[in-house]
Amino acid sequence: MNFSVMARMIASALRDEEYDIVDFVWHGGEPTLLPFSFYEKAMLVQSRFRRPGQVVMNTIQTNGTRLTEPWARFLRDNQFSVGVSLDGPPEIHDRYRTYESGQPSFQDVSDTLDRLRQYDIPFSVLMVVDEGALEIGPKRIFDFFVRMKMKNFGFLAATPINSPKATPDTFASHYVDSKRMTNFLINMYDYWKEHGDPSIKIRELESVLQHIQHN
23 MNFSVMARMI
33 ASALRDEEYD
43 IVDFVWHGGE
53 PTLLPFSFYE
63 KAMLVQSRFR
73 RPGQVVMNTI
83 QTNGTRLTEP
93 WARFLRDNQF
103 SVGVSLDGPP
113 EIHDRYRTYE
123 SGQPSFQDVS
133 DTLDRLRQYD
143 IPFSVLMVVD
153 EGALEIGPKR
163 IFDFFVRMKM
173 KNFGFLAATP
183 INSPKATPDT
193 FASHYVDSKR
203 MTNFLINMYD
213 YWKEHGDPSI
223 KIRELESVLQ
233 HIQHN
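When the sequence shown is numbered by the numbering used here, its final residue is 237 and no position is left out of the sequence of numbers.
Simulated from the structure, these hints should not be mistaken for laboratory data. Using N, Cα and C, we set each Cβ at its ideal position, and we do this for glycine too.
Label pairs and their in silico Cβ distance ranges: (1) Leu231 - Val168: 18 to 24 Å; (2) Glu228 - Ser200: 15 to 21 Å; (3) Lys187 - Lys63: 40 to 46 Å; (4) His233 - Thr81: 17 to 23 Å; (5) Pro190 - Gln140: 49 to 55 Å; (6) Glu39 - Ser195: 45 to 51 Å; (7) Arg202 - Lys171: 27 to 33 Å.
27 Å max Cα-Cα, derived DSS-like pairs, lysine-lysine: (8) Lys201 - Lys215; (9) Lys161 - Lys223; (10) Lys161 - Lys215; (11) Lys171 - Lys223; (12) Lys223 - Lys201; (13) Lys215 - Lys173; (14) Lys161 - Lys173; (15) Lys201 - Lys187; (16) Lys171 - Lys215; (17) Lys201 - Lys161; (18) Lys171 - Lys161; (19) Lys223 - Lys173.
Work out the full structure: start from the sequences and follow the hints.
Right under this line is the structure:
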């Protein structure tokens, strides 16, 4: 996204009088491949078009391998929230989250989480649930997040590669269907409630509970 496109997008969102709260979610690809000078310009445009009383928030979703000290200072100073992709324990995460060289990334992501805590930056973790995650089960994954002192995390089912010409019932590798994903979340809910720590938030379970409470 070049600067002119970015500026028009921000201006359009902030000028809409229907919205007093606007949350810009910077996603990818990997958004930290752009220098944070790009986001500095975005902050300037937001300050230019923000209406009086309007709340403007920013969230960035990252694989967590490039958040250096300057990045952390920028995110803190501009009150960003951060979503970090962490696919569970290293034996699961490092199956797919590797560098081009083949080196695993788990330790770098773990170091990034420590840096976010050091700079008091609010963050959540998003895990892709695939066959490997189903094999070790929700208890192992929940216990792992507890040991990592995670308070806010969510789960996303692995989806198949887009194959528009595939015929019905074609086998798709690295895919978790809705039934198995639902069973995973049901069991995760049991371990979450048994643990009894109300400060731990699991995105999908919180969403279901809120829906039940409002209906």
